[in-house]
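Visitor: Letter by letter, the chains look like this.
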Amino acid sequence: MSSTVQTHAPHAHSPHEHSGVAHAAEPKTNYLTANYGWKSWVFSVDHKRIALMYLFTIAFMILVGGVFALLVRLELATPAGDLLQSENYNKIFTMHGVVMVFFFLIPGVPAVLGNFLLPIMIGAKDLAFPKINLLSYYVFLVGILLTLTAAAMGGVDTGWTFYTPYSSTYANSQVALAAVAVFITGFSSILTGLNFVVTVHKMRAPGMTWFRLPLFVWANYATGLIILLSTPVVAITIVLVALERLFHIGVFDPAYGGDPVLFQHMFWFYSHPAVYIMILPAMGVISELIAAFSKKRVFGYPVVAFSSLAIAVIGFFVWGHHMFVSGQSTYAGVVFSVITMLVAVPSAIKVFNWVSTMYKGDVLLSTPMCYAIAFLGLFTVGGLTGIFLGTMGLDIHMHDTYFVVAHFHYVMVGGMVTAFWGGLHFWWPKMFGRMYPEAIGRVAAALMFIGFNMTFFPQFILGYMGMPRRYHFYPEEWQVLNLVSTLGATLLGISYLLPMIYLPWSLKFGKVAGKNPWGAKGLEWEADSPPTTFNFDKTPIVTEEAYAYPEGARHQPEAKVV
Amino acid sequence: MSSVDATGLAHHFEDLEQQRESATLGMWAFLITEIMFFGGLFGAYVVYRTMYPEAWDNGSRELDVFLGAVNTTVLIGSSLTMALAVRCAAKGNNKQVAGFTLLTMVLGFVFLGVKVIEYKAKYDHHLIPGPGFMYGGHAGGHEQIFFALYFTMTGMHAFHMIIGAGLMIWVILRALKNSYTPQNHTHVEMIGLYWHFVDIVWIFLFPLLYLLGRHGHAIGAATGGHH
Numbered sequence: 000m001s002s003t004v005q006t007h008a009p010h011a012h013s014p015h016e017h018s019g020v021a022h023a024a025e026p027k028t029n030y031l032t033a034n035y036g037w038k039s040w041v042f043s044v045d046h047k048r049i050a051l052m053y054l055f056t057i058a059f060m061i062l063v064g065g066v067f068a069l070l071v072r073l074e075l076a077t078p079a080g081d082l083l084q085s086e087n088y089n090k091i092f093t094m095h096g097v098v099m100v101f102f103f104l105i106p107g108v109p110a111v112l113g114n115f116l117l118p119i120m121i122g123a124k125d126l127a128f129p130k131i132n133l134l135s136y137y138v139f140l141v142g143i144l145l146t147l148t149a150a151a152m153g154g155v156d157t158g159w160t161f162y163t164p165y166s167s168t169y170a171n172s173q174v175a176l177a178a179v180a181v182f183i184t185g186f187s188s189i190l191t192g193l194n195f196v197v198t199v200h201k202m203r204a205p206g207m208t209w210f211r212l213p214l215f216v217w218a219n220y221a222t223g224l225i226i227l228l229s230t231p232v233v234a235i236t237i238v239l240v241a242l243e244r245l246f247h248i249g250v251f252d253p254a255y256g257g258d259p260v261l262f263q264h265m266f267w268f269y270s271h272p273a274v275y276i277m278i279l280p281a282m283g284v285i286s287e288l289i290a291a292f293s294k295k296r297v298f299g300y301p302v303v304a305f306s307s308l309a310i311a312v313i314g315f316f317v318w319g320h321h322m323f324v325s326g327q328s329t330y331a332g333v334v335f336s337v338i339t340m341l342v343a344v345p346s347a348i349k350v351f352n353w354v355s356t357m358y359k360g361d362v363l364l365s366t367p368m369c370y371a372i373a374f375l376g377l378f379t380v381g382g383l384t385g386i387f388l389g390t391m392g393l394d395i396h397m398h399d400t401y402f403v404v405a406h407f408h409y410v411m412v413g414g415m416v417t418a419f420w421g422g423l424h425f426w427w428p429k430m431f432g433r434m435y436p437e438a439i440g441r442v443a444a445a446l447m448f449i450g451f452n453m454t455f456f457p458q459f460i461l462g463y464m465g466m467p468r469r470y471h472f473y474p475e476e477w478q479v480l481n482l483v484s485t486l487g488a489t490l491l492g493i494s495y496l497l498p499m500i501y502l503p504w505s506l507k508f509g510k511v512a513g514k515n516p517w518g519a520k521g522l523e524w525e526a527d528s529p530p531t532t533f534n535f536d537k538t539p540i541v542t543e544e545a546y547a548y549p550e551g552a553r554h555q556p557e558a559k560v561v
Numbered sequence: 000m001s002s003v004d005a006t007g008l009a010h011h012f013e014d015l016e017q018q019r020e021s022a023t024l025g026m027w028a029f030l031i032t033e034i035m036f037f038g039g040l041f042g043a044y045v046v047y048r049t050m051y052p053e054a055w056d057n058g059s060r061e062l063d064v065f066l067g068a069v070n071t072t073v074l075i076g077s078s079l080t081m082a083l084a085v086r087c088a089a090k091g092n093n094k095q096v097a098g099f100t101l102l103t104m105v106l107g108f109v110f111l112g113v114k115v116i117e118y119k120a121k122y123d124h125h126l127i128p129g130p131g132f133m134y135g136g137h138a139g140g141h142e143q144i145f146f147a148l149y150f151t152m153t154g155m156h157a158f159h160m161i162i163g164a165g166l167m168i169w170v171i172l173r174a175l176k177n178s179y180t181p182q183n184h185t186h187v188e189m190i191g192l193y194w195h196f197v198d199i200v201w202i203f204l205f206p207l208l209y210l211l212g213r214h215g216h217a218i219g220a221a222t223g224g225h226h
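From first to last, the protein sequence lines are chains A and B.
Per numbering that gives the first Met the number 0, the very first residue in the first sequence carries number 0; after that it's consecutive.
Per numbering that gives the first Met the number 0, the very first residue in the second sequence carries number 0; after that it's consecutive.
I should point out that these hints are in silico values taken from the structure, not numbers from a laboratory.
Please note that the accuracy of each hint is not assured.
Stated by the list, open to error - Simulated crosslink set (SDA-like; lysine to any residue; CA at most 20 angstroms straight-line):
#  : chain 1 : residue 1 : chain 2 : residue 2
1  : A       : Lys537    : B       : His10
2  : A       : Lys38     : A       : Leu134
3  : A       : Lys201    : B       : Lys119
4  : A       : Lys201    : B       : Met189
5  : A       : Lys130    : B       : Glu13
6  : A       : Lys201    : B       : Arg19
7  : B       : Lys119    : B       : Ala82
8  : B       : Lys119    : A       : Phe246
9  : A       : Lys130    : B       : Ala22
10 : A       : Lys130    : B       : Val3
11 : A       : Lys201    : B       : Met26
12 : A       : Lys201    : B       : Thr185
13 : A       : Lys201    : B       : His10
14 : A       : Lys537    : B       : Leu15
15 : A       : Lys130    : B       : Thr6
16 : B       : Lys114    : B       : Leu83
17 : A       : Lys130    : B       : Thr23
18 : A       : Lys130    : B       : Leu30
19 : B       : Lys121    : B       : Gly98
20 : A       : Lys201    : B       : Ile199
21 : A       : Lys201    : B       : Gly7
22 : B       : Lys114    : B       : Ile199
23 : A       : Lys130    : B       : Met26
24 : B       : Lys176    : B       : Arg86
25 : A       : Lys201    : B       : Gln182
26 : A       : Lys130    : B       : Leu166
27 : A       : Lys201    : B       : Glu16
28 : A       : Lys201    : B       : Lys176
29 : A       : Lys130    : B       : Ala5
30 : A       : Lys130    : B       : Gln17
31 : B       : Lys121    : A       : His247
32 : A       : Lys130    : B       : Met189
33 : A       : Lys130    : B       : Leu8
34 : A       : Lys130    : B       : Ala9
35 : A       : Lys130    : B       : Arg19
36 : A       : Lys130    : B       : Trp27
37 : B       : Lys90     : B       : Thr72
Unchecked claim - Reference listing, derived: stretches of chain A covered by chain B, where coverage requires no fewer than 3 residues with Cβ under 8 angstroms from a Cβ of chain B:
#  : stretch
38 : 166-177
39 : 199-207
Every residue, glycine too, gets a C-beta built ideally from N, C-alpha and C.
Chain A on its own, in the form it takes in the complex (with noise of 0.2 angstroms):
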């Protein structure tokens, strides 16, 4: 392959070093044995550094999130409401929701694998403001450890979109508790989203134009500008909220002729676009994915990078289709649904241009390959259902029903986490020098789609059936799909752990990596692997477009083994 880096020797100096130890014999220090102890992790300001203390709370958070799910799914086993009474399952289901959106969807590709990559990929050295990155990560803390004493207070029992009045006036529940802790993690997202912003900037290496920037980088850039226009909304609201449950003070109280429909309003103008922050870096994992493993340019580089910011924009003019029943002016709701119905041009532009280029690729059906694929069925099924819930009418019917649930689950699960578990697969070895297993890994994939499509297609056919959201009891009849669906989600659970168990395994055990294990493009696999602090040796000169892959390109034939 035509490298586009000058790299030194493996035993060339690291200028950076101040441990005395680093003569020209010893072997070359990478950024997680550039030093050792609590401090050199804690008050750490590399880009690195700080993506691995995100992945591991994230990864904790994960697990929150999902003993929440799992208890929700256990009690809706059975017609009954026996396990948990109603206020106990309006808080589970509550903390389930606010725990993986806030700490999970939204952080997780963005903070771990954008923190870890984005510099890397356009041969920066760092972030534009590497203690702005330090920031967020503790600021994203002090908003976990509330939401948790929240949790262990008593819990929320809003839903996860504290809609006033009974948010502000009559939940008897942690709600401001809770709502501080998500104003405060939107800070942790506004700055990620600034520095990324900035950084795509300013920080690029000579010859990485614009058009030579991986789409994952594209993504990220696209979601830092939602970022940064949408969440001091929801923080502006938050406040308010926090005002009238704390005074009393009358803005979203009808009592005072304030008006509850401007809460939604106000949420929903961030909360709709959040759900592209929260996909939209997923997307740009896929991008990479599937030009790697097909050995092919991305089909129409361009016009993907130019749906992610398509998105963008028109992600901001879509918010009303959440509120069609909720007193919005039918003319608005009109005209929210036709923007609903243009907001799933871009997205399907993607869908397509991602077969595109598998079509006549060397497809390697590897574990990271096989999360994308999964994505692309998963997501489209997500994306079509939303376009059933955009249609104004028809959304009267599947309003708050299971069908909802489904469809977001589908866009959010099948969508972003599976791309997160792509993606991490994909970069482990270049963030930690080695091999994950790659037939249980494969397992675990398979294992994901299954477990997965059996949990949330139910779901879909009990919301047309008309059982609503939000209660934790049923008619009998609806008993079997419900048993489906529990049974799906102990399946999927255990799928996510799965890599929980043998990634950490494969830090000890796993096969080294090289350098470039998959034979990719981009600039990450021209890096050590472990990179080292700095990223690269010398700053790189690009000098060709991304994933550069020759004409019929195909995997080495030992990367088919297996």
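On the provided structure of chain A, position chain B as indicated by the hints.
Guide: Using the frame of chain A, we list chain B on its own:
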């Protein structure tokens, strides 16, 4: 690991130019988030003003336009002294940076002091939103929404000024150590941008809250809050 060399260049930048451009873009991006943050409040203002125009006129007349105008002048003056501090920093004149920044801070506190006087008057007239709110001798009017937004908007604005004043202490300390040079004085520029932003928010708040409703038809007994 985050090392900065003698010229003030951080380890991960190629040169001071790149460092300065990054900081500037970062500050503008941050100010965009601030615009969206206050934008949510301005949006709520527009919605409720349209719903309750009379209550808005009544609420507006309760505000002290004289003190508001004084504060507007004070704040615009503080933007001038801040701009002068940036100019002195660009010349490397650290003593004057410290002086002008201190002056900016003092003007900021004058503004906040006037705000305290205004808030106290509202408290005395039972115009604090909440269970004790009274307008024209009645509780629970739509004027309460006006005052809820008045206090949230001006309160958030004041909060931003307090943060700005805190940052200025840092600028003054650095200036006293002669840290600013014509090549590297990005901190002062960035805090200047922030302060001008806070100023501009007030330039919108003053007419929207104090001026627009004053000439509407007077309804409801004033509580005697005029000066």
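Visitor: It remains to establish, for every hint, whether it holds in the given structure.
Guide: Here's how the hints hold up against the structure:
1. Lys537(A) <-> His10(B): 14 angstroms, holds
2. Lys38(A) <-> Leu134(A): 15 angstroms, holds
3. Lys201(A) <-> Lys119(B): Violated, at roughly 48 angstroms.
4. Lys201(A) <-> Met189(B): Measuring from Cα to Cα gives roughly 17 angstroms; hence the hint holds.
5. Lys130(A) <-> Glu13(B): Holds, because 17 angstroms separates the two Cα atoms, which is no more than 20 angstroms.
6. Lys201(A) <-> Arg19(B): At roughly 10 angstroms apart (the allowed maximum being 20 angstroms), Arg19(B) and Lys201(A) satisfy the hint.
7. Lys119(B) <-> Ala82(B): 32 angstroms, violated
8. Lys119(B) <-> Phe246(A): Holds - the C-alpha atoms of Phe246(A) and Lys119(B) are around 17 angstroms apart, at most 20 angstroms.
9. Lys130(A) <-> Ala22(B): 13 angstroms, holds
10. Lys130(A) <-> Val3(B): Status holds; Cα separation ~12 angstroms.
11. Lys201(A) <-> Met26(B): With a Cα-Cα distance of about 13 angstroms, the restraint between Lys201(A) and Met26(B) holds, given a limit of 20 angstroms.
12. Lys201(A) <-> Thr185(B): 16 angstroms, holds
13. Lys201(A) <-> His10(B): OK: Lys201(A) and His10(B) at ~15 angstroms, within 20 angstroms.
14. Lys537(A) <-> Leu15(B): Holds: Lys537(A) and Leu15(B) sit about 19 angstroms apart, inside 20 angstroms.
15. Lys130(A) <-> Thr6(B): 19 angstroms, holds
16. Lys114(B) <-> Leu83(B): Between Lys114(B) and Leu83(B) the Cα gap is close to 25 angstroms, so the pair fails against 20 angstroms, i.e. violated.
17. Lys130(A) <-> Thr23(B): 16 angstroms, holds
18. Lys130(A) <-> Leu30(B): 19 angstroms, holds
19. Lys121(B) <-> Gly98(B): 35 angstroms, violated
20. Lys201(A) <-> Ile199(B): 28 angstroms, violated
21. Lys201(A) <-> Gly7(B): Given that 20 angstroms is the threshold and the Cα spacing comes to 18 angstroms, the pair holds.
22. Lys114(B) <-> Ile199(B): 17 angstroms, holds
23. Lys130(A) <-> Met26(B): Given that 20 angstroms is the threshold and the Cα spacing comes to 15 angstroms, the pair holds.
24. Lys176(B) <-> Arg86(B): 18 angstroms, holds
25. Lys201(A) <-> Gln182(B): 19 angstroms, holds
26. Lys130(A) <-> Leu166(B): 17 angstroms, holds
27. Lys201(A) <-> Glu16(B): 10 angstroms, holds
28. Lys201(A) <-> Lys176(B): 30 angstroms, violated
29. Lys130(A) <-> Ala5(B): With Cα atoms ~19 angstroms apart, Lys130(A) and Ala5(B) stay inside 20 angstroms; holds.
30. Lys130(A) <-> Gln17(B): 17 angstroms, holds
31. Lys121(B) <-> His247(A): 17 angstroms, holds
32. Lys130(A) <-> Met189(B): 17 angstroms, holds
33. Lys130(A) <-> Leu8(B): Cα-Cα ~14 angstroms, so holds.
34. Lys130(A) <-> Ala9(B): 11 angstroms, holds
35. Lys130(A) <-> Arg19(B): Answer holds: Lys130(A) to Arg19(B) is near 16 angstroms, not above 20 angstroms.
36. Lys130(A) <-> Trp27(B): 18 angstroms, holds
37. Lys90(B) <-> Thr72(B): 27 angstroms, violated
38. 166-177: violated (count 0)
39. 199-207: holds (count 3)
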